[in-house]
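Student: Since the structure of chain A is already known, use the hints to place chain B on it.
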Amino acid sequence: MTELISRIVGGLNTPVFLTRFLVTVLIMLVSGAIVLGISLLYEGLATYAERKVAGDIQARIGPNRVGPYGLLQFVADGVKLLLKEDIIPFYADKWLFILAPYIVFTVSFAAFVPLSYSDHIAVANLNVGVLYIIAISSVVSMAILMGAWGSNNKWSLFGGMRAVAQIVSYEIPIVLSLLAAIILPASMNMRDIIVYQGGGLGIFRWLVFNNPFTFLAFFVYFIAAIAEVNRTPFDIPEAESEIVAGYHTEYTGMRFAFFFMAEYGDMFVVSAIATTLFLGGWHLPFIGGISMPLWLRDVLQVAVFFMKVFVLIYLMMWIRWTLPRLRVDQLMELCWKYLTPIAFFNLIGASVWVLLLHGRGIYDIIARIIVH
Amino acid sequence: MSVTSYTIQAVFFYLFSAVIIGSALMVVLLRNIVRSAFALFFTLSGVAGIYILLGADFVGVTQVLIYIGGVLILIVFGVMLTHNVYSVDIFNKLGTLVMGTISAIVTFTIIYYSVKPVNWLFIGFKPDLPTARPIGTQLMGTFLLPFELASILLVLAMVGAAYLIRSEVRGTSQAGAGDPGNEQRQDTAGKKVH
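So the sequences go chain by chain: A and B.
Per the numbering used here, the first sequence starts with residue 4, numbered consecutively.
Per the numbering used here, the second sequence starts with residue 3, numbered consecutively.
Excised from the complex, chain A in its bound form (with noise of 0.2 Å):
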């Protein structure tokens, strides 16, 4: 692709500082616009999805009008949500709150940027990959306050104040029980991680299984990674029954879409974080071995992460439609007295296995214990 466009550019007859530059930006706007293209349409098709779980959990048939199987529904809320009233309460500070729901969009958005989708496809191979996610997710928290502030809302302002508590306080166990995973690979790099958890037989090599502390840490982890997206069990910010709908109440049309694609856009996210350091990633199991065509190994890469990514957000679903939601004193109480110090005692655990047994997994203690 960068040849293909550098060859579009430099046909122009332009300077080759400006060739080059035109290069580095378009390749930037061209992989962010594919990205985009893909996330849009996972987070459309990811709220259908969330209906018919709904509906099927509540035995109901949920949406089946639009298109097959209703499949279409989620263009029909689009239009829908587009041609809504766009309405700015009198006295909301507007520039916060129109600047909110874009920034909540963009940094969930962003998380998608270092994600290693085969073993060729990732649009940015960066060195500090899971910090950075970490990092541009705990931007959501000010950007949630931002539209929580200028709403000029009391619920909103309860919503959003809850949201910045719970993030701030989950992304410790999140990032504890992440650091028990990543000191086997010793990178934070995504697709060095994955290319750890490769070889073996099938799913023995994934981080999940290698020692029993990444095992409970990967629980930890998608427990704290359920409340970080702000999801039922853990959706005090925005529970109807207290205040309303939370930091979104004052948002129609479509910044209230904002907010809603960016929740889904976190779904995956976190769920992708989960299938790349505990789940083997991009691994074919059992078939990896086999000679194939590059392109075709590719696709079945993609095809088995994305696979994963799913299993993971239908049991965010699942957990959604089933389960009660906690008080705000038992959430912190799950947080801190609870997730962070096991998440602890995992990694201290998980540092040890790896300075005893120099990383090697228990299959393979196992395996040798067998042969000898």
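Just to be clear, a hint being listed does not mean it is correct.
[Said to hold, decoys possible] Computed footprint of chain A on chain B; a stretch qualifies when at least three of its residues, placed anywhere within it, have a C-beta under 8 Å from a C-beta of chain A:
id: 1; segment: 9–15
id: 2; segment: 32–38
id: 3; segment: 50–63
id: 4; segment: 71–79
id: 5; segment: 132–144
[As the list claims (entries may be wrong)] Label-pair ranges, simulated between beta-carbon atoms:
id: 6; chain 1: A; residue 1: I37; chain 2: B; residue 2: P148; range: 40 to 48 Å
id: 7; chain 1: B; residue 1: A164; chain 2: A; residue 2: L299; range: 53 to 61 Å
id: 8; chain 1: B; residue 1: A152; chain 2: A; residue 2: R330; range: 48 to 56 Å
id: 9; chain 1: A; residue 1: V331; chain 2: B; residue 2: A152; range: 26 to 34 Å
id: 10; chain 1: A; residue 1: A306; chain 2: B; residue 2: Y16; range: 39 to 47 Å
id: 11; chain 1: B; residue 1: A12; chain 2: A; residue 2: V82; range: 28 to 36 Å
id: 12; chain 1: B; residue 1: R135; chain 2: A; residue 2: S294; range: 30 to 38 Å
id: 13; chain 1: B; residue 1: L166; chain 2: A; residue 2: D332; range: 43 to 51 Å
id: 14; chain 1: B; residue 1: A20; chain 2: A; residue 2: D332; range: 45 to 53 Å
By construction, these hints were calculated from the structure, which means they are not laboratory data.
From a predicted model like this one, the values you see are computed outputs, not experimental measurements.
Virtual Cβ for every residue (Gly too), placed ideally from N, Cα, C.
Tutor: Chain B in isolation, oriented as in the chain A frame:
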């Protein structure tokens, strides 16, 4: 490394600098202090951009994590709890303006003349160099003592903060019996703990 890539770097450098200086001016000059606090977001992001432009990806990302995800949130909360959020008269005394200008000029001069004579080691533009591992080994090896001292200081600060909040709750619950105003304050203090 060709000259052109430096020029591209320069374009982005001036872009980030414009963002930093523009938003920093907004922080100082806006009358609505909540807006100033949020304008700080763009300043801090611009600084992170400069770090990444210099090839210090770890420092840049940490800047986002700590300054935007942590410090900025604290500042915004602090500003929200102040009495007069709207139309704070920032130029209320002539003295502050004069003193501010003088201290800004002095600070700039000190930084300029301490940076200028240094013979900087120029290693060129290497964006793909992993920086996290050398930083980690340095922190855990050469600079282990200062690193541990800093962590002890942070733990002490955290314990101290927790103790202060706890004692405040206890104090209000003893003093505020039968006084409706105090009761309300006790409510909010109780919420802060959770």
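Student: All hints are to be evaluated individually against the structure, with a verdict given for each.
Tutor: Each hint tested on the structure:
Only residues whose C-beta sits within less than 8 Å of a C-beta in chain A count toward coverage, and the segment 9–15 of chain B has 3 of them, enough to reach three; the restraint holds. Only residues whose C-beta sits within less than 8 Å of a C-beta in chain A count toward coverage, and the segment 32–38 of chain B has 3 of them, enough to reach three; the restraint holds. Coverage of the segment 50–63 of chain B by chain A holds in this model, with 3 residues showing a Cβ closer than 8 Å to a Cβ of that chain against a need of three. Counting residues of the segment 71–79 of chain B whose beta-carbon sits less than 8 Å from any beta-carbon of chain A gives 6, enough to reach three: the coverage restraint holds.
Restraint check on the segment 132–144 of chain B versus chain A: 4 residues with Cβ-Cβ distances below 8 Å, three needed, restraint holds. Range check, A:I37 to B:P148: Cβ separation about 45 Å, and the 40 to 48 Å hint holds. Restraint check, B:A164 to A:L299: a C-beta distance of roughly 57 Å satisfies the suggested window 53 to 61 Å. For the pair B:A152 and A:R330, the supplied restraint of 48 to 56 Å is violated, since their beta-carbon distance comes to about 36 Å.
In this structure, A:V331 and B:A152 meet the distance hint of 26 to 34 Å, their C-beta atoms being roughly 33 Å apart. Evaluation of the 39 to 47 Å hint for A:A306 and B:Y16 yields a pass: the beta carbon distance comes to about 43 Å. Between B:A12 and A:V82 the CB atoms are about 44 Å apart, so this pair departs from the stated range of 28 to 36 Å. In this structure the supplied range 30 to 38 Å holds for B:R135 paired with A:S294, their Cβ-Cβ distance being about 34 Å.
For the pair B:L166 and A:D332, the supplied restraint of 43 to 51 Å is violated, since their beta-carbon distance comes to about 21 Å. About 46 Å separates the C-beta atoms of B:A20 and A:D332, a value consistent with the hinted range of 45 to 53 Å.
Hints 8, 11, 13, counting from the list given before, are not met by this structure.
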